[in-house]
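Protein chains: 2
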Amino acid sequence: MDCSILISKLPDLPWITDVENLVPFSKDYTEDLQFLPDLAIAPTSADDIAKILKICNQFNIPVTTRGAGTGLSGAALPVAGGVVVSTEKLDKIIQIDTLNMQATVETGVVNAHLKEAVAAYGLSYPPDPASFGSCSIGGNIAHGAGGPRAVKYGITKDYILNLEVVLPSGEIIWTGSNTLKNSTGFNLTQLMIGSEGMLGIITKAVVKLVPLPTQELLLLAAFDSLTQCAKAVSAVLQSSVKPAAIELMETSGIEISMKATQTSFPLVKGATCYLLFSFDGFQGDDLFTEIEKIYPILDELGAIDIMPSPNSDTANDWWKVRRAIGETVKQKSIYKEEDTVVPRYSLPELLSEVKRIGEKYGFESVCYGHAGDGNLHVNILKNELSDDYWNHEVPKGIREIFECCKKLGGTISGEHGIGYSQKTYLDVVFTPTHFQLMKGIKSVFDPNGILNPGKWIR
Amino acid sequence: MDCSILISKLPDLPWITDVENLVPFSKDYTEDLQFLPDLAIAPTSADDIAKILKICNQFNIPVTTRGAGTGLSGAALPVAGGVVVSTEKLDKIIQIDTLNMQATVETGVVNAHLKEAVAAYGLSYPPDPASFGSCSIGGNIAHGAGGPRAVKYGITKDYILNLEVVLPSGEIIWTGSNTLKNSTGFNLTQLMIGSEGMLGIITKAVVKLVPLPTQELLLLAAFDSLTQCAKAVSAVLQSSVKPAAIELMETSGIEISMKATQTSFPLVKGATCYLLFSFDGFQGDDLFTEIEKIYPILDELGAIDIMPSPNSDTANDWWKVRRAIGETVKQKSIYKEEDTVVPRYSLPELLSEVKRIGEKYGFESVCYGHAGDGNLHVNILKNELSDDYWNHEVPKGIREIFECCKKLGGTISGEHGIGYSQKTYLDVVFTPTHFQLMKGIKSVFDPNGILNPGKWIR
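Heads up: the sequence lines are chains X and Z, in that order.
Add 184 to the 1-based position in the first sequence for the numbering used here, that's all there is to it.
Add 184 to the 1-based position in the second sequence for the numbering used here, that's all there is to it.
Hints are computed from structural coordinates only; laboratory data are not their basis.
Wrong hints could be hidden among the right ones.
Since the list gives no way to pick out one identical chain from another, each pair is judged satisfied if it fits inside one copy or across any two copies.
Straight-line Cα separation of at most 20 Å, EDC-like style, residue types lysine to aspartate or glutamate; simulated pairs [stated by the list, open to error]: (1) K590 x E348; (2) K607 x D196; (3) K607 x E476; (4) K591 x D611; (5) K516 x E548; (6) K591 x D281; (7) K426 x E474; (8) K426 x D342; (9) K591 x E348; (10) K453 x D408; (11) K211 x E272; (12) K590 x D281; (13) K336 x D469; (14) K443 x D572; (15) K211 x E521; (16) K566 x E521; (17) K591 x D202; (18) K211 x D281; (19) K426 x E400; (20) K415 x D281; (21) K516 x D216.
All chains should be built: construct the whole structure from the sequences, respecting the hints.
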């Protein structure tokens, strides 16, 4: 695609044109996909983005917005060519308003950088995707990102108050107000969250902050039955105890992660799965009181071993093993990562279906994820499967997994989005009317269809 | 408007046609507004609503959806005539899923009825608008309703997982999935919340539940300075303490409510305003530990008196006085109720501007509301003002109040919606682009504009 009009109309912007420097914009963290853009740029202001979009809109040049490139559904891949607009240089934390417990940030700010900056004031920005060390706030917003601590704190959508958005027309709007409540017109802020760069380019966000907990305590429970394990999750959440996170791990995933990261983890003989509970707060004693309450619940539901983290080094090891499962499992083989989500009590049924479908199609899967939210990451490994089988038969199995999610009241993505890699499965949960409404909404924001074409909107 | 086609095409439905029985559908709780519909009906199923909408869509008959009629912005008023569709008979609680802590309800269910039903299982549906004893879940959703306990628990939008919606075409869709997370396409669920009957008729909702707290403790703090009062709110929320509610009351409002309800309240000499803190939990001792932590904060910020509720009778009285302020102030005079919202630390600035503007225009205002959320209800009383002045000059003052909200990062409605009564002020916060986007979204759902015409979408 000829994008030279952009360069000729905006000659002073720092365009990236040579293939070598365009390559980093051709991939994200999704499988083994790669699409080279014709042009890329990392603007330093919303005004520059407005100028770019206006020209793209006039000349029908595809625009793919890219945050930090850590996405897992290929939403940032320029599958239709054109220009990639990276938000990486929109990296300023504009204001930390301690009195209102809000921060205003440019959307290229890395999640961990925001966390660090507000921690200096005793505040926390809770959403914590596994990639929080490198992912951007804008990418989190565009994907509706979650993370382990969602059980207590909620997800990205629960922390976004107001967004600055550049529309294809070049107009810049704020979607709402800097308030905790807003019943003024349709909720454009929530509409932008999870919109995957298809409605506008999000350039600033006003986010809600909470007091930073100073203490954390982990509790590990080992089970020999997935069903009992999932029952334990429901039982704990029905009690008066409020864990920050409840993570589910299959033993196979833990073993891979332990080996790859050379980190110890207290494996229990006979255990097939584990729950990792995190409790946080402001007084260590309170946390011990909390976990004492859930011992009897876990006991009654057949936990074969229960142990608190004896110290913070151990806690860090346990988190390290948990967080590394995704990465290390993927190092074993080419993979497809599915982001299934169901009402949490249906997790064992989903898991047993995943295994049954895996046997039927002959693929290995390693499962782990956010049990408190019913969000199970299913990593399907290619191993020795042929390319043809991997590309044509395995997707049929994945479709069956998603049909199971739907039957259980769930859906096909809890926190990774649809982007490019999941678009073929969307008809499992969407009727033609859903597609029509969403396509209509897209047309209102982006009548010429320049924003992120080739993704899930047909 | 001739709606006889509806009756002739659907003769078996229980149409309400005579004026006497139509009158109850002509009003809600907004000021002194009244608009008689041509026809009304309270269907008992989404299927019947689908049949009705299909015909209205075909013959361009205006449809105004009505919940329990407790709205404060006139969204349920049939200002363009046509048919009122009441959800009052969609009153079934379909399922209480204790394992997933979710309930599926028809949207005519009264908020308090849902609360009672789930309380039997030790669960709570937290959103608690002042009218929770009579308002409907559907009305709460349509307005993005809040309530005092939003400080700890959030608002309606934080508890809605999935919605069944009847579109003007007669199609019935579910907007999402029954999961705590969902990154699958645009967030239609959140788009429906606060949409005031303009995008579809919401017939079922899957809502999130939480464990029901068993203990409550109130703490009352009296101040002689609004500025110090608002600073105290910020300081408490920055600490490790988490109140469920922080309500602000002017002494004048308390006095009116005490007198009208014949309820005692510990007025403190010299106090101009009060903060009512509510703490809830599962163990009474914990709550006393909590409030002990905030005494020094309130002391330091100049509270002239601080007192916990000695027993539950007293606590009930304090809540009664607080809840009755709105109603009893309105009994004094014809009024206009404004639902201002700003970042919470800006409340004193907003309040002093409200008073300054009131002096300038010569109107009395009584203010109270949700200090923890920066949501201040401003009741403006007509008293002895002439009709002409009330209708033409006072709105100029209201506009100035809203301009102040905008300047402070806030907006013109936090939880009541825009509906009919606030529509003339919307241009204070919306640019033509906002209107254009929202009008576009409406056209996608309701191409013929039959749903709630005459409201804020022009």
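Need the list of violated hint numbers for this structure, in ascending order.
Result: hints 2, 3, 14, 17, 18 break, sorted rising.
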